[in-house]
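*Asks:* Assemble chain L onto chain W, guided by the hints.
Given next are the chains, with one letter for each unit.
2 protein chains.
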Amino acid sequence: MTTPPNRAPGASPLRPAGLPAWNPPSPEARSRFQAALKPDSNGLVAAIAQAHGTGEVLMLAWMNAEAVEETLRTGRVTYYSRSRKGLWRKGETSGQVQHLIDLRLDCDGDALLATVHQDGVACHTGRRSCFSWGLAEEEVRPLEPVLADPAALYGSAG
Amino acid sequence: MTTPPNRAPGASPLRPAGLPAWNPPSPEARSRFQAALKPDSNGLVAAIAQAHGTGEVLMLAWMNAEAVEETLRTGRVTYYSRSRKGLWRKGETSGQVQHLIDLRLDCDGDALLATVHQDGVACHTGRRSCFSWGLAEEEVRPLEPVLADPAALYGSAG
Numbered sequence: 001m002t003t004p005p006n007r008a009p010g011a012s013p014l015r016p017a018g019l020p021a022w023n024p025p026s027p028e029a030r031s032r033f034q035a036a037l038k039p040d041s042n043g044l045v046a047a048i049a050q051a052h053g054t055g056e057v058l059m060l061a062w063m064n065a066e067a068v069e070e071t072l073r074t075g076r077v078t079y080y081s082r083s084r085k086g087l088w089r090k091g092e093t094s095g096q097v098q099h100l101i102d103l104r105l106d107c108d109g110d111a112l113l114a115t116v117h118q119d120g121v122a123c124h125t126g127r128r129s130c131f132s133w134g135l136a137e138e139e140v141r142p143l144e145p146v147l148a149d150p151a152a153l154y155g156s157a158g
Numbered sequence: 001m002t003t004p005p006n007r008a009p010g011a012s013p014l015r016p017a018g019l020p021a022w023n024p025p026s027p028e029a030r031s032r033f034q035a036a037l038k039p040d041s042n043g044l045v046a047a048i049a050q051a052h053g054t055g056e057v058l059m060l061a062w063m064n065a066e067a068v069e070e071t072l073r074t075g076r077v078t079y080y081s082r083s084r085k086g087l088w089r090k091g092e093t094s095g096q097v098q099h100l101i102d103l104r105l106d107c108d109g110d111a112l113l114a115t116v117h118q119d120g121v122a123c124h125t126g127r128r129s130c131f132s133w134g135l136a137e138e139e140v141r142p143l144e145p146v147l148a149d150p151a152a153l154y155g156s157a158g
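Those protein sequence lines, which keep their order, are chains W and L. According to full-length UniProt numbering, the first sequence holds residues 1 to 158 in order. According to full-length UniProt numbering, the second sequence holds residues 1 to 158 in order.
Extracted from the complex, chain W is given alone in its bound form (with noise of 0.2 Å):
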């Protein structure tokens, strides 16, 4: 595994050359654009990751406040995890890094889009986007390929 070049704890990953790079908005804009959201009962907004250029639909995992501010600020997609009950900012340990173009709401404030820079794969099983899978001759089947190996991405005892 190779070692990333040194960084202040909790910085954000550099974005790749040729990227612009993130102009936050200030803390009385991004503070209006929490006014507008409309979180669930458990304060969770859903949002959607699509790749810049491609269009593709990456996928759909939940912010809440903190990760909407977070998001903003840095530049860097970071969703609520309900399974870790945390902050996930994404690529964190795949190195899978979800670098912010843009963060539209919908109508209703209770849904987000993130056009992304995605840095290699979005899903955690090595494809590209999460929505990967479809009928095919009358079956459930992973319709796309296996670009990164999810071993090497998240490590593994195995």
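Don't take each hint at face value.
All copies of an identical chain are treated as equivalent in the list; a pair is satisfied when it fits inside any one copy or across any two copies.
[As the list claims (entries may be wrong)] In silico lysine to any residue, SDA-like type, Cα no more than 20 Å apart, as pairs: (1) 38 x 139; (2) 38 x 142; (3) 85 x 40; (4) 38 x 28; (5) 38 x 134; (6) 38 x 140; (7) 38 x 125; (8) 38 x 124; (9) 85 x 69; (10) 38 x 64; (11) 38 x 143; (12) 38 x 108; (13) 85 x 41; (14) 38 x 81; (15) 85 x 66; (16) 38 x 84; (17) 38 x 62; (18) 38 x 141; (19) 38 x 82.
Quick caveat, the hints were computed from the structure, so don't treat them as lab data.
*Replies:* Leaving out everything else, chain L in the frame of chain W:
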């Protein structure tokens, strides 16, 4: 308001010329598709609609098992309305029907991605996509134009 052509009650709207007829999966295949879903405690999975061709993410809504079955059987995208607590055949009131092209599942079976041919606009505000709001000049504003008059889509006493 123009009167739509006569059709049997409950019949699916005609697919636009040039769009191939929907070829429904067999009952067995539909049943396998359902078995691969992991609905939440309310029996729902999130469903994203993405426009065929352009890749626009149009909306996020919810489906229960009955909505998934009807969507796969008829090729007309049908959601579950949490506010009305019933099936929501998209476009039934507004005419802004979503014709199914493909339905994918995500890696953990709790979200769907429907590729659709959208008649007209997806958003009840008359915008093409529900994800039309974002920050501009420090404020949350609609960033996309109104393409259809909501009063004409839904009728209006005013």
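*Asks:* Now, for every hint given, state plainly whether the structure supports it.
*Replies:* Each hint tested on the structure:
In this homomeric assembly, residue 38 and residue 139 come within 20 Å of each other (Cα to Cα) only across copies, at 17 Å, whereas the closest approach inside a single copy is 38 Å. Proximity of residue 38 and residue 142 under a CA criterion of 20 Å is satisfied inter-copy only: 16 Å between copies versus 34 Å inside one chain copy. For the identical chains of this complex, residue 85 and residue 40 are neighbours both inside a copy (15 Å) and across copies (17 Å), given an alpha-carbon limit of 20 Å. Taking CA atoms no more than 20 Å apart as the test, residue 38 paired with residue 28 passes inside one copy only; the shortest distance there is 18 Å, against 39 Å between copies.
For the identical chains of this complex, residue 38 and residue 134 are inter-copy neighbours only, at 14 Å across copies versus 32 Å inside a copy, given an alpha-carbon limit of 20 Å. Taking the shortest Cα distances, residue 38 and residue 140 sit within 20 Å of each other only across copies (14 Å), while inside one copy they are farther apart (34 Å). In this assembly of identical chains, residue 38 and residue 125 lie within 20 Å of each other by CA distance solely across copies; the values are 17 Å between and 31 Å within a copy. Taking identical chains as interchangeable, the C-alpha atoms of residue 38 and residue 124 lie at most 20 Å apart only when they sit on different chains, with a minimum of 17 Å there against 29 Å within one chain.
For a Cα distance limit of 20 Å, the shortest separation of residue 85 from residue 69 inside one copy, 17 Å, qualifies, whereas the shortest one across copies, 32 Å, does not. In this assembly of identical chains, residue 38 and residue 64 lie within 20 Å of each other by CA distance solely inside one copy; the values are 11 Å within and 22 Å between copies. In this assembly of identical chains, residue 38 and residue 143 lie within 20 Å of each other by CA distance solely across copies; the values are 19 Å between and 35 Å within a copy. With identical chains, the CA atoms of residue 38 and residue 108 are at most 20 Å apart within one copy only, with a shortest distance of 7 Å there and 25 Å across copies.
Within a single copy, residue 85 and residue 41 get their C-alpha atoms as close as 15 Å, and across copies as close as 17 Å, so both meet the 20 Å cut-off. Proximity of residue 38 to residue 81 under the C-alpha cut-off of 20 Å is found in both arrangements, the shortest distances being 18 Å within a copy and 17 Å between copies. When the C-alpha separation of residue 85 and residue 66 is checked against a cutoff of 20 Å, the pair qualifies only within one copy, where the shortest distance is 12 Å, while the shortest distance between copies is 31 Å. For a Cα distance limit of 20 Å, the shortest separation of residue 38 from residue 84 across copies, 18 Å, qualifies, whereas the shortest one inside one copy, 23 Å, does not.
In this assembly of identical chains, residue 38 and residue 62 lie within 20 Å of each other by CA distance both inside one copy and across copies; the values are 13 Å within and 16 Å between. Taking the closest pair of Cα atoms, residue 38 and residue 141 come within 20 Å of each other only across two copies (16 Å); inside a single copy the shortest separation is 35 Å, beyond that limit. In this assembly of identical chains, the alpha carbons of residue 38 and residue 82 lie at most 20 Å apart whether taken from the same copy (18 Å) or from different copies (15 Å).
The structure fails none of the hints (numbered hints given earlier).
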